[in-house]
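Asker: As given, the protein sequences belong to chains B and V, one line each in that order. Final position of the first sequence in the numbering used here is 198; the numbers increase by one with none missing. Final position of the second sequence in the numbering used here is 1262; the numbers increase by one with none missing.
Calculated directly from the structure, the hints in this document are not laboratory data. All values derive from a computational prediction rather than experimental measurement. Careful: at least some of the hints might be erroneous.
[Said to hold, decoys possible] Simulated restraints on C-beta separations:
id, chain 1, residue 1, chain 2, residue 2, range
1, B, R78, V, G1223, 23 to 29 Å
2, B, H57, V, R1248, 37 to 43 Å
3, V, A1209, B, G76, 35 to 41 Å
4, V, A1209, B, T174, 24 to 30 Å
5, V, G1021, B, I172, 17 to 23 Å
6, B, D43, V, A1189, 44 to 50 Å
7, B, G76, V, C1033, 33 to 39 Å
Note that beta-carbon positions come from the ideal geometry of N, C-alpha and C, so glycine has one too.
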Amino acid sequence: MAGSTRGRARLTSTFERTAPTRPPGLSPAERSRFELEILVHLDVAYRVARRLLRDDHDAQDAVQDALLRAIRYFSGFRGTSGRAWLLAIVRNTCRTRRRRDWLRTGVEFDESQHGEADPTEAPERFAERGATGASIERALAGLAEPLREVVVLREVEGLSYKEIAAVMHVPIGTVMSRLARARAQLEQALGRAGEGGP
Amino acid sequence: MNCDQVRPLLGALHDGELEPGLRDEVEAHVAGCAACARELAHHRALGDALRAHVTRAEAPAALHDWARAAVRGEVASPALAAPRARGPVRAAWNPASWLNAALALAACIAVAVGVTQELAVRDGFTRELVAAHVRAAVTGHVSDVISTDQHTVKPWFNGRLDFSPPVVDLADAGFPLEGGRVDYVNDRAVAVLVFRRNRHPIDVFVWPARRGAPRLPPSARDGYQIERRVVAGMQCWAVSDLNTKELRELMDRYAAHFAPAR
């Protein structure tokens, strides 16, 4: 009887040691800062996750994981770009998931198995994008992933070089060289495609 | 500026990432150069096309709601959350038992993959160490600083490395310190302490340990023995044609000298 009580007490103290000393979550001041600096980037975080995981459900899961992490580590956030900080966490989360899935299934993440067609997108909008949209998706799909990431973050999401460098954990020079390669390859792919078209 | 100088900067100009002085120069060139202007126009057209056609879906309303609740601390608290968070968005979650089995299998695979990689890395690594040891012996470039005095050898590494290796002369035990050198192994500069036992040279490669306690057994390659310790937070790998027993004795004495006093 006494033994089991002591056992429980020991378990509790072990748990308390691993848990953060302050209550989980954000203080009221942090909460409003988090909403202003981090939460406003939820849409772009979701898009980044979708592009990396190619699955809406997985992407939502990953964003949830990433947000919980962001909330937990927010007190350590000292950067200037909340967007870059959140996206770096989202990107890490997605990459970890992909590695985990690879370990579980033995099947490497294969981009060709994950179509570009978006199940949540209204069909008429997809059609409206027409041939140009399809050729651009094809050209993007033909890029190596780091090149695609960098050009989408810059041109579609509008991140600065500095932000992209922070998100992808590479020097700014690498961002610039990847961007130049991505553009050259895209222009070449689209130029070729365009020659045959109208 | 000429075209060759301007071309690599056009992307940054388009991205608005050039500092003002440089931007003005590049813009001045582009204004008078049709070829560069065309190149810049390509960048702009590509950017416009990407923005127009790449999907910019918004996060579902349920995810927004969940996120706001999470900020208010109204979902499973981060400290208690399982590795995978469970919110209303993933209500379709089905904790089927086969998934647990799959996860367990994944853990096994992870360990197996890790061990295999560790072995592969270690194999390549010991080859590099032995190669460095043999190279030094063959070229006669064994020591950059030749001294039997640890107080000469240790300061010599200052400024040559970003860490200070533990240095001790073990002549009392029959392993005189002969000198030291800096070598490159696995893409990093490492300290090499050169000891001698009778006529056998012994290289001890030292670099800061990133992590981990010793868990590799002693090994041999091409007739060379390898013995590994973590001493004073440093990885220390001894390579020699000396026999295993004596090499182990050297490393035990070396490690013991720097072991924290009890």
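Asker: In this structure, is the beta-carbon distance linking G76 (chain B) and C1033 (chain V) contained in 33 to 39 Å?
Answerer: violated, 48 Å
Asker: Given the range 24 to 30 Å, decide if the beta-carbon distance of A1209 (chain V) to T174 (chain B) lies inside it.
Answerer: holds, 29 Å
Asker: If you check the beta carbons of D43 (chain B) and A1189 (chain V), does the distance land in 44 to 50 Å?
Answerer: holds, 46 Å
Asker: Take the C-beta atom of R78 (chain B) and the C-beta atom of G1223 (chain V), compute their distance, and say whether it sits inside 23 to 29 Å.
Answerer: At roughly 54 Å between Cβ atoms, G1223 (chain V) and R78 (chain B) fall outside 23 to 29 Å, so the hint is violated.
Asker: Is the gap between the beta carbons of G1021 (chain V) and I172 (chain B) within 17 to 23 Å?
Answerer: At roughly 18 Å between Cβ atoms, I172 (chain B) and G1021 (chain V) fall inside 17 to 23 Å, so the hint holds.
Asker: With 35 to 41 Å as the target window, see if A1209 (chain V) and G76 (chain B) comply at their CB atoms.
Answerer: violated, 26 Å
Asker: Determine whether the Cβ-Cβ distance between H57 (chain B) and R1248 (chain V) falls within the hinted range of 37 to 43 Å.
Answerer: Violated: the Cβ-Cβ distance is about 55 Å, outside 37 to 43 Å.
This entry does not satisfy hints 1, 2, 3, 7, going by the numbered hints stated previously.
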